[in-house]
Amino acid sequence: MNTGLESVTYQTVERIQGPLLFLNNIKRVLFEEMINIEMSNGEIRQGQVLQADPNLTIIQVFEGTELIEKDSVKVTFSQDVFKLGVAEAMLGRTMNGRGLPIDGQGEILPEAFHEVTGNPINPAERIKPGDFIETGISSIDMLNSLVLGQKLPIFSGAGLPTKEVAAQIATQARIKNQEADFAVIFGAMGITERDGRFFQRSFENAKISNLIFFSNYASDSIIERLLIPRIAMTIAEYLAFEKGYHSLVILTDILNYAEALREVSAAREEFPGRLGYPGYLYTDLATIYERVGRIISKKGSVTLFPVLTMPNDDITHPVPDLTGYITEGQIFLDRNLFNMGYYPPINPLPSLSRLMNAGIGKGKTRADHREIADQLYAFYAKGVQLRQLVAIAGVDSLSDKDRRFLKFTDEFEQRFIHQGQVRRTIENSLDLSWELLRMIPKDELTRIKKSVVDHYY
Amino acid sequence: MIGPVVHAEGLKRSKKNSIVYVGEDKLIGEIVQIQGNKTIIQVYEKTSGLGIGEPIQDLNRPLSLKLGPGLLGNIIDGVQRQLKGSGYLFIEKGMSGNPLPIKKQWHFIPEYENIKEIEIGEKFAELKYNTIEVKSKDKLNGGEILGYVQETDAIKHYILNPPNRQGVIKEINEGKFTIEDPIGHYTDGNPIMLYHYWSVRIPRPFQQRVIDTQPFITGQRVLDFLYPIIDGGTAMIPGGFGTGKTILEQTLAKFSSAHIAILTLCGERGNEIADVLAEFKQLNDPLTGKPMSERSIIIANTSNMPVAAREASIYSGMTLAEYFRDMGYKVAVTADSTSRWAEALREVSVRLEEVPGEKGYPSYLPKLIGRFYERAGKVKAQSNRIGSVTVIGAVSPPGGDFSDPISQYTLRYANALWGLDVNLARQRHYPAINFEISFTQYLNEILAYWDKYPDIGGNWRESRKVIVKILKDEEEIEKIVRLIGKDTLTEPQLGTLAAAELIRDGFLRQSAFSDIDGYCPIKKTYEMALTLQMTYEWITSAIRSGHTTKEIFEKEKSIFERVNRMKELENLKQISEIRNIVAEKLEAYRKRKA
Numbered sequence: 001m002n003t004g005l006e007s008v009t010y011q012t013v014e015r016i017q018g019p020l021l022f023l024n025n026i027k028r029v030l031f032e033e034m035i036n037i038e039m040s041n042g043e044i045r046q047g048q049v050l051q052a053d054p055n056l057t058i059i060q061v062f063e064g065t066e067l068i069e070k071d072s073v074k075v076t077f078s079q080d081v082f083k084l085g086v087a088e089a090m091l092g093r094t095m096n097g098r099g100l101p102i103d104g105q106g107e108i109l110p111e112a113f114h115e116v117t118g119n120p121i122n123p124a125e126r127i128k129p130g131d132f133i134e135t136g137i138s139s140i141d142m143l144n145s146l147v148l149g150q151k152l153p154i155f156s157g158a159g160l161p162t163k164e165v166a167a168q169i170a171t172q173a174r175i176k177n178q179e180a181d182f183a184v185i186f187g188a189m190g191i192t193e194r195d196g197r198f199f200q201r202s203f204e205n206a207k208i209s210n211l212i213f214f215s216n217y218a219s220d221s222i223i224e225r226l227l228i229p230r231i232a233m234t235i236a237e238y239l240a241f242e243k244g245y246h247s248l249v250i251l252t253d254i255l256n257y258a259e260a261l262r263e264v265s266a267a268r269e270e271f272p273g274r275l276g277y278p279g280y281l282y283t284d285l286a287t288i289y290e291r292v293g294r295i296i297s298k299k300g301s302v303t304l305f306p307v308l309t310m311p312n313d314d315i316t317h318p319v320p321d322l323t324g325y326i327t328e329g330q331i332f333l334d335r336n337l338f339n340m341g342y343y344p345p346i347n348p349l350p351s352l353s354r355l356m357n358a359g360i361g362k363g364k365t366r367a368d369h370r371e372i373a374d375q376l377y378a379f380y381a382k383g384v385q386l387r388q389l390v391a392i393a394g395v396d397s398l399s400d401k402d403r404r405f406l407k408f409t410d411e412f413e414q415r416f417i418h419q420g421q422v423r424r425t426i427e428n429s430l431d432l433s434w435e436l437l438r439m440i441p442k443d444e445l446t447r448i449k450k451s452v453v454d455h456y457y
Numbered sequence: 001m002i003g004p005v006v007h008a009e010g011l012k013r014s015k016k017n018s019i020v021y022v023g024e025d026k027l028i029g030e031i032v033q034i035q036g037n038k039t040i041i042q043v044y045e046k047t048s049g050l051g052i053g054e055p056i057q058d059l060n061r062p063l064s065l066k067l068g069p070g071l072l073g074n075i076i077d078g079v080q081r082q083l084k085g086s087g088y089l090f091i092e093k094g095m096s097g098n099p100l101p102i103k104k105q106w107h108f109i110p111e112y113e114n115i116k117e118i119e120i121g122e123k124f125a126e127l128k129y130n131t132i133e134v135k136s137k138d139k140l141n142g143g144e145i146l147g148y149v150q151e152t153d154a155i156k157h158y159i160l161n162p163p164n165r166q167g168v169i170k171e172i173n174e175g176k177f178t179i180e181d182p183i184g185h186y187t188d189g190n191p192i193m194l195y196h197y198w199s200v201r202i203p204r205p206f207q208q209r210v211i212d213t214q215p216f217i218t219g220q221r222v223l224d225f226l227y228p229i230i231d232g233g234t235a236m237i238p239g240g241f242g243t244g245k246t247i248l249e250q251t252l253a254k255f256s257s258a259h260i261a262i263l264t265l266c267g268e269r270g271n272e273i274a275d276v277l278a279e280f281k282q283l284n285d286p287l288t289g290k291p292m293s294e295r296s297i298i299i300a301n302t303s304n305m306p307v308a309a310r311e312a313s314i315y316s317g318m319t320l321a322e323y324f325r326d327m328g329y330k331v332a333v334t335a336d337s338t339s340r341w342a343e344a345l346r347e348v349s350v351r352l353e354e355v356p357g358e359k360g361y362p363s364y365l366p367k368l369i370g371r372f373y374e375r376a377g378k379v380k381a382q383s384n385r386i387g388s389v390t391v392i393g394a395v396s397p398p399g400g401d402f403s404d405p406i407s408q409y410t411l412r413y414a415n416a417l418w419g420l421d422v423n424l425a426r427q428r429h430y431p432a433i434n435f436e437i438s439f440t441q442y443l444n445e446i447l448a449y450w451d452k453y454p455d456i457g458g459n460w461r462e463s464r465k466v467i468v469k470i471l472k473d474e475e476e477i478e479k480i481v482r483l484i485g486k487d488t489l490t491e492p493q494l495g496t497l498a499a500a501e502l503i504r505d506g507f508l509r510q511s512a513f514s515d516i517d518g519y520c521p522i523k524k525t526y527e528m529a530l531t532l533q534m535t536y537e538w539i540t541s542a543i544r545s546g547h548t549t550k551e552i553f554e555k556e557k558s559i560f561e562r563v564n565r566m567k568e569l570e571n572l573k574q575i576s577e578i579r580n581i582v583a584e585k586l587e588a589y590r591k592r593k594a
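If you read the protein sequences in the order shown, they are chains A and B.
Residue numbers are given in this note's numbering: position 148 of the first sequence equals residue 148, and the series is strictly consecutive.
Residue numbers are given in this note's numbering: position 181 of the second sequence equals residue 181, and the series is strictly consecutive.
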């Protein structure tokens, strides 16, 4: 709430710890109020109120607290919460963690100011996402189909070709019969400059002009890292629901974000949850992820790909675990497939798209899509199981039927999963699926209706 | 002010759990602690931008629901603000929302059927009963029926005298009324209304619990056949993410044998809610033939909506269920997910600086979970009718690890466990119910019930025993296979493996999206089970006569394929035809042996 009062300056910093300032004797303060911090050398930094209490007000400083002197620093309360100036002209620009341009191409005139925390979409005004996005990757389009307005994270591990897969999806994604423009909003959170350059180059090569790039590299402030996803979602919402774009947001890496959140939580001496992450990590991630979707009365959409590294490839780590509970599935990159030289190393078994059914089938992809997908899954799962058996008891112990499954599994990986950078249409993927299914006798295709088998087999 | 918690000073005579308006935007809050002249409030809305020194207004009543016509087909948030038709695209601070539609006129009729219990489906229409007229000079006890409005085609909304209100009717009228028009008066001059308030945290009173076992039919074979529960029972569904928890909860809400379905979507996904809404508008449900929205209420608190309102939503759902129970309905409450509710409690508890219990959850959490599940049951209500509340709670254990506190606390209060398994889900075997950990404590009661209906469940006990044994044996055999391979298996063991695969693929697996198989009538479940039992006997007697499993399955391929595809059949006769073929084969071996 804007109280309409003049801003007030205090010089009562009591404690500096981590990225936080602790102040006492603050008479008037708003929760999440924006703060200006003036250092003795004239440098100005910005912050935000985390705890509003006259006796102990806590402020997080966006640029960090390095070299702030306790007694001389002047803290000015702005009497307003943080608002982002948004504009269509942000398309094509590179910005920092506070939404200010850093590409030397001049200032951007805001068309409106929005609170970056956003408001939850009224669930009764949402429309169920159902427009198929063709990513050009078989193991996604066929088995884990994506729709506009979905949030689908990429679960990866250190050393896996995460950025290649993320960039491939972002640059190749297409929607049938959609006139509205795509806008790609990329939020880099604590990634290396090298990775950041890779992304920028990929987008340039793909001639994506509607790109907004928010940069916060590993060496930048962790508080800005906390702000980036919110800023990215705010501009994405603006473009989608005010300007009619299909906003595609990529946030990488969520693990870095969560670690920044943990650092602030620890500095506040909060009770830690699993692995020291704060107990509200679920709610916090949800306030980012849940901002995607479509609204009945609006043309555009917000789609999100959070990219995250699973420490030690552990899917039960709190960050992938909580993410999985909020998002609508996951694309799982697998180290074994990667080691066998397959690209993209997407393992279909732990991958999932919850909104797939709404985006596929007659009139969208093809009537037989769902059943083929189920059948491919079932056979691949079985084949992988048989491989474990072979590792113990040898191939000799297998029946002819089981050997066929093994062969199917090998071919499935070599031809279906391992497609490289080539773009495949959904029709290509469907046909390839039938080609593979024909390796198995007709009557064993129990997941597919008889009439469908008779038609395509 | 820290997140959803606000400390206030100077509130006089404030009561714990009283509702307050916080700040100039009138954010809804509830008093959760009183310390000296300091009052601690949890706020049900976003507190961003709230300033120190802003005023607080004490409404001096607990968090309550306004219970009356207009609830069905609606979607509300945890503090009963109607979300549908509210005009808000986003949930804003200080958003106003009427709990019930205020303009809609209802045709109230002061009479009701003199029946004890409302049966599900056809049986009710055939029933003969007298009508009781409600008129002036009638003495009213708390919770008695005053009449009804036909709220939707599927559901009569009985108007109840408030549970704690007694009085004599001065006048009561048939006619068209909005929710705020009195439908009559008590002799003490107070108006009689179509609605009353009830506090969400207090269970609604009833006369007594009723012990009369009836199965709660879900239409899901694996549940109805292996792990059935009773009407008024409790079940928990733990499952890691991606195991199909939400789909299963929604399927249960759609298909189970209840008049009213209350879906509490607590801390879940917005797109899912859109999905349920769209589907419930279209779906002609198997019980009434009408859209599902006519007999359901959705309480929606997505994971990014304020955390304190998420905490309240679980109680709101339960209170709505009890209200319809008191009219004599069978109500199914699904809570998805109770873990998110517990996390909301933890979040608020941490902000209140309470001493934490296990994993940071407040020490009073097990008590609250116990109280929640204990609100389930079949009761003789104050209205003299028998109604029930069946509770199905989803639990989302972190990392899919069932040793987490919420799973463990819930296990002690829920009487059935339908555990979801990530490995089954990865094979796209849905519902991914795990056979090792799932259980039901209602089994003996249910089996005794089916014993009374030979045409439906005459042989239930027997076929269940056989099928459970096959699945158990399969587990053991698989262990051997994992150690030393398939080579060493005996023919009977191979036969068991083949039969188990038939059972898992052809019987337990059921697609929630299939037109025919989404809902499986109990009779069909029984017919299929009987056929599978017989198929197993056939396989074993063929093996005993010296055939190998491989031979049998190659020779009789077409029969096995038909057995495997029984679920695609709608006509039960076709299933018994298949059984007759199997029976003939079995008979042939028996004769040979003789």
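Hint data in this document are derived by calculation from the structure and do not stem from the laboratory.
Among these hints, one or two may not hold up.
Capping the alpha-carbon separation at 27 Å, the derived lysine-lysine pairs in DSS-like fashion look like this [claimed, not checked]:
no. : chain 1 : residue 1 : chain 2 : residue 2
1   : A       : LYS450    : B       : LYS486
2   : A       : LYS382    : A       : LYS299
3   : B       : LYS486    : A       : LYS382
Just so you have them, the derived chain A footprint on chain B, three or more residues with Cβ under 8 Å [claimed, not checked]:
no. : segment
4   : 33 to 40
5   : 188 to 196
6   : 223 to 233
7   : 346 to 355
8   : 423 to 437
9   : 495 to 503
10  : 560 to 572
All residues carry an ideal CB built from backbone N, CA and C; glycine is no exception.
Verification of the supplied hints:
1. A:LYS450 with B:LYS486: At roughly 31 Å apart (the allowed maximum being 27 Å), LYS486 (chain B) and LYS450 (chain A) break the hint.
2. A:LYS382 with A:LYS299: Given pair LYS382 (chain A), LYS299 (chain A) is violated - Cα atoms ~43 Å apart, limit 27 Å.
3. B:LYS486 with A:LYS382: holds, 15 Å
4. 33 to 40: Coverage by chain A is violated for the segment 33 to 40 of chain B (0 residues, Cβ < 8 Å).
5. 188 to 196: With 0 residues close enough to chain A, the hint is violated.
6. 223 to 233: violated (count 0)
7. 346 to 355: Coverage by chain A holds for the segment 346 to 355 of chain B (3 residues, Cβ < 8 Å).
8. 423 to 437: holds (count 3)
9. 495 to 503: violated (count 0)
10. 560 to 572: Result for this restraint: holds, n = 4.
Violated hints for the displayed structure, listed by number in ascending order: 1, 2, 4, 5, 6 and 9.
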